[in-house]
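**Student:** Protein sequences, first through last, are from chains F and A. For the first sequence, position 89 (counting from the first letter as 1) is numbered 89 according to our numbering, and the numbering increases by one without interruption. For the second sequence, position 88 (counting from the first letter as 1) is numbered 88 according to our numbering, and the numbering increases by one without interruption.
Read the hints as simulated data drawn from the structure, not as lab findings. Heads up, the beta-carbon is just placed ideally off N, CA and C, and yes, glycines get one too. Among the clues, some could well be false.
[Stated by the list, open to error] The following label-pair restraints were derived from C-beta to C-beta distances: (1) A:D80 - F:E108: 13 to 21 angstroms; (2) A:R60 - F:G140: 15 to 23 angstroms; (3) A:S123 - F:G25: 28 to 36 angstroms; (4) F:G124 - A:P121: 45 to 53 angstroms; (5) F:E63 - A:T2: 26 to 34 angstroms; (6) A:E77 - F:E112: 21 to 29 angstroms; (7) F:A139 - A:I134: 26 to 34 angstroms; (8) F:G124 - A:A104: 43 to 51 angstroms; (9) A:R118 - F:E63: 37 to 45 angstroms; (10) A:G111 - F:R95: 26 to 34 angstroms; (11) F:E63 - A:R84: 40 to 48 angstroms.
[As the list claims (entries may be wrong)] Examples of chain A residues toward chain F, derived with CB under 8 angstroms: (12) T67; (13) S70; (14) F73; (15) S120.
So the chains spell out like this:
Number of protein chains: 2
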Amino acid sequence: MTPEEARRRLVRARVGRLATVRRDGSPHVVPFVFAIVEIGSEIRAYWIVDDKPKRSPFLRRIENIETNPSVEFVIDEYWDDWDRLWWVRASGTGRVVHASNERAMALEALGEKYPQYRGSPHSGAVVAIDIERISAWEAGAG
Amino acid sequence: MTPEEARRRLVRARVGRLATVRRDGSPHVVPFVFAIVEIGSEIRAYWIVDDKPKRSPFLRRIENIETNPSVEFVIDEYWDDWDRLWWVRASGTGRVVHASNERAMALEALGEKYPQYRGSPHSGAVVAIDIERISAWEAGAG
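Please model the complete structure; the sequences and the hints are all you need to start from.
**Tutor:** This is the structure we're talking about:
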């Protein structure tokens, strides 16, 4: 898979699975929805921590990122025909977005991709992942 | 979601996303296929490291587990209707299976679930995850 195709799939993916590391050094992984924004040569993934479920699994990721900002997420599609399998992984640094311009941009990108994020204002924390490395794998590609 | 239902979904899931922690403390996440075996009150997930692609992302997980045996994986389904979202996470300890009886049992369970694992013998490493904690989330469940 070319780097361009890996990027295209990252942009289009509806869901990813995000891994962080807990304070005690154990891994944490949950599904998340995100939007990709490319600014010059930078590529960032933005996601928003839902307001409503103030429950630990959602907030755990933010706590983890504050302790250890190293994050990785994967997108893929599963098929019972394993010749069709592929994945794209993105690794980088997570940070809570505080600047209002960047927050507005992230909400714009998320609203563009997911109708659920349009309209009503969101008070939840926005998190940016500054992507530093993208790797990809495709079945049968060697 | 009841614990019984979470277990049922773990057993049925065709794919999971497995997080480990690298030697440098950063998270690593990739899709994987696995089979669940319940023995008495123990619940284990087994997966096999493919022979063919002796490439770093596949072997990385084993290296990571040998350094830090703490692992977590998540199963979920994505729908654009977010009221249908759910996930089940399983956390535990990973270990390479050396005993021949346990290896045979794992291959039996994997072959039962995935036709690709039937017939031809596998020389790849089998990894067990001894599951210590299962947590689940369902949209709208509070």
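**Student:** I'd like to know which numbered hints this structure contradicts. Please list them from smallest to largest.
**Tutor:** 10, 11, 12 and 15
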